[in-house]
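Student: Those sequence lines, one after another, are chains A and B.
Each residue of the first sequence is one higher than the one before, counting from 6 in my numbering.
Each residue of the second sequence is one higher than the one before, counting from -12 in my numbering.
Think of the hints as simulated: they come from the structure by calculation, not from any bench.
Among the clues, some could well be false.
Calculated pairs, DSBU-like style, for lysine-lysine (alpha carbon to alpha carbon, straight line, at most 30 Å) [unchecked claim]: (1) Lys169/B - Lys301/B; (2) Lys15/A - Lys128/B; (3) Lys73/B - Lys37/B; (4) Lys40/B - Lys73/B; (5) Lys15/A - Lys37/B; (6) Lys194/B - Lys169/B; (7) Lys226/B - Lys216/B; (8) Lys15/A - Lys307/B; (9) Lys15/A - Lys169/B; (10) Lys226/B - Lys307/B.
A few chain B residues that don't get close to chain A, going by computed Cβ distances all over 12 Å [stated by the list, open to error]: (11) Glu(-2); (12) Val38; (13) Thr54; (14) Leu123; (15) Thr206; (16) Asp241; (17) Ala329.
Virtual Cβ for every residue (Gly too), placed ideally from N, Cα, C.
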Amino acid sequence: MKAGHIDRVKRRAVRQAVAENLETIRGLPPRGVRPKVRLGRIWLRRVSLLVVPLTLAGSTFLLSKPVVEPMFVVQRAVARKAGASPTQPQLMQYEKVDPAALVLSVHRVVIDAGHGGTDPGAALPGLSEKAVTLDIATRLRSLLEKSGFEVITTRADDHLIPLRERAHIANASASDIFVSIHVNSIVNHTNEHGVETYFLGPTRDASLTKLAAEENRESGYSLADMRKLLDGIYADARRDESQRLAGNIQSQLYGGLRNADPGLQNWGVKRAPFLVLVATEMPAILAEVGCISNEKEVAMLHKSEYRDRIARALFDGIRAYAVEKR
Amino acid sequence: MKGSKKMADSEVLHVGIDLGTSRSAISASNGERFVVDSFVGWPVDMVAKKVLKRNVMIGHEAVSNRTMLDLHRPLERGLLKEGSDKDVEAVRELLRHLLRLVGVETDGGEGKVAMSNVRAVVGVPAAALRTNKQYLRNTMKGIVDSLMIVSEPFAVAYGLDALLHTLIIDIGAGTTDFCVMKGRYPTEDDQRTLTIAGDSIDIHLLKLIQDRYPQANVTIFMVRDWKEKFSFVGTAPDKVVVTAPVAGVPTPLDITSELRASCETLLPPTIETMLDLLSRVEPEFQERVRNNIILSGGGGLIRGLPEALQDALKQVGGGKVTYMHDPVFVGSDGGLALALDAPDTDWEKLSA
């Protein structure tokens, strides 16, 4: 084996040994007996229940019109049959199933405070993204728990938890949704400040690609890991749920904060390939709850009442989504 | 890491520990290496304490003075004996002793490293369960700052840069561990653990000697020494004659056939497990793994064993078995290499 290859293999082995130790510390059972994709299984089970009657009842309908946005199972079926005769692929195409038909409730929420430890995120003297996100996460946790939600946090203190580990914590806890809290820093536009919420998806916006690369820096994923992850993500049905969750949270964030900060801009719901959203198996969003590059916003973020307001807005967004799911 | 304290690299001591049923070895980043017998003893009464002038004895010293000691061997089949406070205390004493040997003291001091600045990798049998590892972790609380527990054969493979297409067979006192290295941290499917190992050979040998020489006064400690000096499988290199008291008179005893028979109890399960693991390797890599079998641990020194395993490999196309000439530190050296390679950010998460 070449030296470079040995080093790569060793690095991977060390990473895996550490991960195994962390699982032991957390008291998790071995991988083989752990529930893997709770939500995924529920989707799969329920989707299959819908596919059969829909196929039987709607065959003429299915053949008659082009599909606007086929569901993930349909896309995969078509992709596999790309080389087949032109009459065959249409058999599996039908209209998108409304996720509202799949009544899923929200009980367990993962709150992910961005950055931490040696990774401060965006930082100014006296104010760092890691501290702001942790503080808001702690407040949000309290609000959610008081309302009867079960809450899992990826970090409860100032420690660096790799993105890979954050996703692992979320997946192992079989939670219903994942909410990652971050603070923006837009160096060339210090006069602007706003809130935005992301769910997983491709983007053509170079600035968003840069932002994702910045947030993905501590991922711990290899290229091979990424390929496997990416193979399955964009076609995943949870994308729709993530978008709904992002919509609810963005709406409450902007609505809840603009009174306190009239200059706040609504930058809307966006798609971007943040790794923490790629590797989680439940509906997942990443909220940029403020802008540390804006002086006015920095003054606000220093205030406990404003952080409390952000936590309440996030809580309202989660609750609104949960109510929709009942 | 506990709190947010940050240690300067120069103050941190990385250690690899092979916590063995029979012997425990430590390799430290300051270049020190030690091995001790995994025995801990406390004086049985005030008289013994007065004679020994010590509160606790460890290793060979403990074995030598065992008649005056409440002697504990805190590890069984490579794992901590659970449910006994005395054994937990014994393993803590053993670990503290190992760390003291490489220059670690509770609060540091002149030329010493504080326990709170030690990062340790400890090897355990391949089949150790998570509960076993958690138990070890709890036992080591307060003794080291950060702790990583890994499968012993993995530590061996890591230290030898043999992480790909290699089969490690680590024959210790309590267990024989097998691990196929596939370029990743081994999963349960890649590993096996047998409890046929050094200790079971000792017990078998003692029984055979007692059967043949019922008048001889032989202890398990004597048997263990003989095995370590003369063990072999196959054709005897020399006649094995030892001396033991018979009716109080030192008498020469020929134990050649008994030694062979007891050592050869290792062969059938080892060969079966080796072939089974090889058969589970992807077909295109089987030949490479067959030619990359590494024998480590004290059992690896049994004369004729590599050849016997190579003979067995002929039925599946042949292979090569290499044994470590200095197997004592191969596990702890591997643990040390792993400890040094793990980044600070990982160590910070592995507080003991």
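Student: Each hint needs a verdict: does it hold in this structure or not?
Tutor: A quick look at each hint next to the structure:
no.: 1; hint: Lys169/B - Lys301/B; result: 23 Å, holds
no.: 2; hint: Lys15/A - Lys128/B; result: 28 Å, holds
no.: 3; hint: Lys73/B - Lys37/B; result: 21 Å, holds
no.: 4; hint: Lys40/B - Lys73/B; result: 20 Å, holds
no.: 5; hint: Lys15/A - Lys37/B; result: 52 Å, violated
no.: 6; hint: Lys194/B - Lys169/B; result: 40 Å, violated
no.: 7; hint: Lys226/B - Lys216/B; result: 13 Å, holds
no.: 8; hint: Lys15/A - Lys307/B; result: 24 Å, holds
no.: 9; hint: Lys15/A - Lys169/B; result: 11 Å, holds
no.: 10; hint: Lys226/B - Lys307/B; result: 28 Å, holds
no.: 11; hint: Glu(-2); result: 18 Å, holds
no.: 12; hint: Val38; result: 43 Å, holds
no.: 13; hint: Thr54; result: 40 Å, holds
no.: 14; hint: Leu123; result: 10 Å, violated
no.: 15; hint: Thr206; result: 38 Å, holds
no.: 16; hint: Asp241; result: 48 Å, holds
no.: 17; hint: Ala329; result: 5 Å, violated
Checked against the numbered hints listed earlier, the structure breaks hints 5, 6, 14, 17; every other hint is satisfied.
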